[in-house]
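Protein sequence lines correspond, in order, to chains A and B.
Each residue of the first sequence is one higher than the one before, counting from 1 in our numbering.
Each residue of the second sequence is one higher than the one before, counting from 1 in our numbering.
Simulated from the structure, these hints should not be mistaken for lab results.
Careful: at least some of the hints might be erroneous.
[To be verified] Computed list of lysine-lysine pairs in DSS-like fashion (alpha-carbon distance at most 27 Å, straight line):
(1) 230(A) - 226(B)
(2) 240(A) - 50(A)
(3) 298(A) - 50(A)
(4) 271(A) - 300(A)
(5) 226(A) - 298(B)
(6) 271(B) - 271(A)
(7) 226(A) - 300(B)
(8) 226(A) - 330(B)
[What the hints assert, rightly or not] Here's a subset of chain A near chain B, in silico, CB distances under 8 Å, partners left out:
(9) 80
(10) 102
(11) 110
(12) 115
(13) 154
Heads up, the beta-carbon is just placed ideally off N, CA and C, and yes, glycines get one too.
Letter by letter, the chains look like this.
Protein chains: 2
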Amino acid sequence: MCLEADRNLRTKAYFVDVQVCFVFLKRTSSRKELPVASHFGDRLCVAVEKKRTPLVVGLDPVYDRLPAEIREHPEMNDSEDAGAAIDAVATFCNRVLHLVAGKVPAVKINSAYFEKYLWEGVEAYYALVSEAESLGVEVIGDVKRGDIGHTAGLYSQAHLQNPIMTGLEDIITPDAITVNGFAGADGIVPFADTANAEGKGVFVWVRASNPSAGVIQDFADADGVKMYEKLAEVVGEIAKQSERTGERGYSNVGMVVGGTSPEATTALREKYPEMWILVPGYGSQGATAADCVRFCNKDKMGALVNSSRSIIYAYDKPEYQEKFGGDWEKCIVQAVDDANAELREAIGL
Amino acid sequence: MCLEADRNLRTKAYFVDVQVCFVFLKRTSSRKELPVASHFGDRLCVAVEKKRTPLVVGLDPVYDRLPAEIREHPEMNDSEDAGAAIDAVATFCNRVLHLVAGKVPAVKINSAYFEKYLWEGVEAYYALVSEAESLGVEVIGDVKRGDIGHTAGLYSQAHLQNPIMTGLEDIITPDAITVNGFAGADGIVPFADTANAEGKGVFVWVRASNPSAGVIQDFADADGVKMYEKLAEVVGEIAKQSERTGERGYSNVGMVVGGTSPEATTALREKYPEMWILVPGYGSQGATAADCVRFCNKDKMGALVNSSRSIIYAYDKPEYQEKFGGDWEKCIVQAVDDANAELREAIGL
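Chain A on its own, in the form it takes in the complex (with noise of 0.2 Å):
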């Protein structure tokens, strides 16, 4: 353990020394000093409203592709060395909210990408959760668990309950997450309940945007009625339930539902108004920004657009690295404004 107390001081040092202060903010930040939990549904209203777009920036970081500045840093110069993988790819991820929060409504943060690294990954997302809770963003856990009863109840309460306990007690989790509604509503209601108790929001994972998806989430029966349509029925008839209602007549139960299919686009977005909907895939994927507008109502509303790789790596793409040379962030920053530009544009915010 002394080996683990010294990794920590020395990541510590290096945060503040690049002024940072990553560790330093997780030990110090608080739940009590964020606003009151108010109803998912509206403050994604507010906040969608404030920023002017719907853009949502997931952090999907790969050690590879960060930037030559934390790659090459003495202390985390080493993608095969636990340690130092998680503190280049916390580090970045930490820069990246710090640079977005202003700009975005929401962030994403993909588990997949922290459980690589066992439970030191799981560490370092739910510090990144809990730093960008304290920047003012909406955090969204990409974690598309599901599973049915007392564990999907536990599931829940690992992902969206703020812990109480004793040694956690500092810990925020994320305002919404993403859930897998494989197993109908006895796999989506326990999650569901957990968010109307914590002022919280879940997105069910409705229609992937993957080529295979359609196999089975396109299987239809004797009328036409796809399988992804009738589970958007069955987290519908869940989401219109008064209790989960906002003032705002949003829902904290939504949907994920790929941004390249536009008729089931239209056709989900006319039968659910009261449903936020996650759209992945926009930028690299290949939705366009007309292709996103399909998913808001007609107060602008409903749509949250996910924006990853093409955000967060902006910095490899020749029309950035002209303008800004090495300068990373720059290049980041202005990817944001530029998709935030088209979105607003597209959507009249």
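Given chain A, work out where chain B should sit, using these hints.
Below, chain B alone, put in the same frame as chain A:
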């Protein structure tokens, strides 16, 4: 970090005191001592034949149900202290592992029960997986992960790849995990490929046994084919690829199928003889030994029958309390022996 270091030292001392040496074993066990990886499907055949039972003991530890001996121990008698609660849960699971490892082919560890304690619980989960591996029993990580593309690949690394990174190299990941196949082949193949590379396996969740699962999973097309049957087809296509098949004819890609639906069971068993089927629901959830026999092939292989609560909380049952009084360990051992006897007779192992 001093507090953290102290807690671990204290924990270590406690475990040594009670002759379990959990933390000590965790730090000294190593992959190098384990047999060379073989095919997961073959290993299951050998294990079921050797133990003469398909029983899988599921670890779903809930603090409030732990034996009084553990809950009342001065170092672990506070469910609201994360450190004490995790120590209690890990101690209990470790002792159960030592009781059952010689009697069953596999154990299943349910990730949700550990994720509840955030990264500290995840550390305990991996420690228990490593400990179980060192006891020579097959370990199934019940994680129900599911996503697409690169994200699925990362989840498969986190949960199936034995880490080579410095700092995590003594950790062994499970022999197999449960996977959510909602996204179709794109969401299954990354897990199956990692399993193949590591001599491990996956069980894709095809049919749940909860009441609402049917709304989605029994959703039928014009020919009466149900969604879970379509998903089984997708899984079956992947499973039967020759590179995934062992010497005994079994694939390292299997299914999770609830034990309470006899027709579904029989049809799936006949159609996919090459797949191991993990059957939850024996015992507390109502599936009988006769229900479970339907999951076996003619060679008596192919079924793994999971029982969690009715084994690990056997000391709550009057029948065992009468016989063994407060000796909770004897109750668990007897419950395993009873379940094994019942399954052995039903299957003829």
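Going through the hints against the structure:
no. : hint            : verdict
1   : 230(A) - 226(B) : holds (13 Å)
2   : 240(A) - 50(A)  : holds (26 Å)
3   : 298(A) - 50(A)  : holds (17 Å)
4   : 271(A) - 300(A) : holds (16 Å)
5   : 226(A) - 298(B) : violated (37 Å)
6   : 271(B) - 271(A) : violated (39 Å)
7   : 226(A) - 300(B) : violated (38 Å)
8   : 226(A) - 330(B) : violated (52 Å)
9   : 80              : holds (6 Å)
10  : 102             : violated (27 Å)
11  : 110             : holds (6 Å)
12  : 115             : holds (4 Å)
13  : 154             : holds (4 Å)
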